[in-house]
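A.B. asks: The whole structure should be built from the sequences, with the hints applied where relevant.
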Amino acid sequence: MAVTQQGPAAKTLRVRGGFAEVNALFLERGWTDGLPIVPPTEAAVAEMLAWTDHDPRAVIGVLPPRQGEATVEKIAINAVMAGCEPRYLPLVIASIQAIADPRFNADAMQATTHPCAPLLIFNGPLAREAGINSGYNCYGQGFRANATIGRAVRLILMNIGGGLPGSGDRSTQGSPAKYSYCVAENEEANPWEPLHVELGYEPWISTVTALAAEGPHNIQDHYSNTGEGILRTIAGAMGQAGSNNILSHGTPLLTLGPEHAATLARDGISKSEIKRYIYEHARFPARRLSHEALLGIRERVSDVDPDDPEATCGIVDRPEDVLVIVAGGAGKHSSWQPTFGNFVAPVTVPIARADGTPLRSLTEARRDA
Amino acid sequence: MPTVVIGTDEFLALAQLEARSRGLPDLPFVMTRHPIGGLHPDDVRARAAAMVSETLRALTSSR
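Here the protein sequences line up with chains D and R, keeping their order.
Residue 82 in the numbering used here sits at position 82 of the first sequence, and the numbers go up by one each step.
Residue 48 in the numbering used here sits at position 48 of the second sequence, and the numbers go up by one each step.
Hints were generated in silico from the structure; no laboratory data involved.
Idealized CB from N, CA, C, for every residue including glycine.
Mixed in with the good hints there might be a few duds.
With beta-carbon atoms standing in for the labels, derived distance ranges [as the list claims (entries may be wrong)]:
1) R:Leu59 - D:Leu13: 40 to 50 Å
2) D:Glu228 - R:Arg45: 44 to 54 Å
3) D:Arg318 - R:Ala13: 36 to 46 Å
4) D:Glu228 - R:Met1: 54 to 64 Å
5) R:Ala48 - D:Pro203: 48 to 58 Å
6) D:Ser302 - R:Gly38: 20 to 30 Å
7) R:Asp9 - D:Leu199: 36 to 46 Å
8) R:Pro25 - D:Pro203: 26 to 36 Å
C.D. replies: Structure, rendered in structure tokens:
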């Protein structure tokens, strides 16, 4: 996507003092997530901006609820604050492109009482080049790319979009995923095609898929020896009461651990068969919900009769709406990421130069490359 | 087209922020006390009845 609209230049702030004074000021003004930030000095922002061929004033997207214009320069400032390596900038820009896409519905994610956070799933060679963890503890701590790319997006949603807790961000309880929610698919351990290839991209193209999702809910099954046995546990976990996918369907994500994925593939189960199984079996018995809850579900999805004692509540309209990726290290654990329901949709964007050409490496984006 | 936003007071500040940022600073709001989720249907009817005249005024007054 070529970006033509230009936004205002960022203002420069003069601060007397050093790291502590800058951090005290930024915290006081509500410009941080509560953790200390890296001061976005002119030199640090200039070094960050050297890693993209976008015009610094180009507007990548308009972010609600404030309708703030996310210029490349303002994205870079927040990426410095988050602790990103300068070469991560194209990954942050692509993430904001995806989130600002109307199909993603950032309005809903930003302002809702639901605890959804912008999950960023990276695919392709640039994810490996940037060092985005796709192995052990991939949804956890310990990797700069995962920790800071997601954090940069959070700071942008706050500082440009105005998603501040209690005003523009009305999440009842929030989630630790709102600090940073960034992962790469473990493509080497994926016995099927990775997400971006499934979506029609060539393997060499790197993409980010953004999705408004809850934090991971673990799915443990150490005991099933067959793919069908693992699917029963997965469907049982995903067909839980209280998720927004029970309420309104949408596109829930299943993140298979490599060992569960290997067992499923060994038993000849395809990704589309996994999706169909979840569509058919990830269901909660209507008789275990209140009549009022069932009426609420019926308002949003048509397949539940609140007066039928045998009715079950599913989590998707159709099998293909289930997203499946493979990530993590050894162990008999998978997880699922409930989403904000059918109010939002996943959006995938290739990581590209300003003219839309997909990048083959992060250094290719450098101005002096 | 005459338009009014009906909601609960807890979300008034957010609604005002959204309206301002989308260029609708004069959008009228009629608010009831938060929360309304969990109220008995009779209480919801009473709340709605109490908002009718203000809603009509917002829809018919010129801005």
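A.B. asks: Could you run down the list of hints and mark each one as holding or not?
C.D. replies: Outcome of the hint check:
{"no.": "1", "hint": "R:Leu59 - D:Leu13: 40 to 50 Å", "in the structure": "holds (45 Å)"}
{"no.": "2", "hint": "D:Glu228 - R:Arg45: 44 to 54 Å", "in the structure": "holds (51 Å)"}
{"no.": "3", "hint": "D:Arg318 - R:Ala13: 36 to 46 Å", "in the structure": "holds (39 Å)"}
{"no.": "4", "hint": "D:Glu228 - R:Met1: 54 to 64 Å", "in the structure": "holds (56 Å)"}
{"no.": "5", "hint": "R:Ala48 - D:Pro203: 48 to 58 Å", "in the structure": "holds (57 Å)"}
{"no.": "6", "hint": "D:Ser302 - R:Gly38: 20 to 30 Å", "in the structure": "holds (25 Å)"}
{"no.": "7", "hint": "R:Asp9 - D:Leu199: 36 to 46 Å", "in the structure": "holds (43 Å)"}
{"no.": "8", "hint": "R:Pro25 - D:Pro203: 26 to 36 Å", "in the structure": "violated (50 Å)"}
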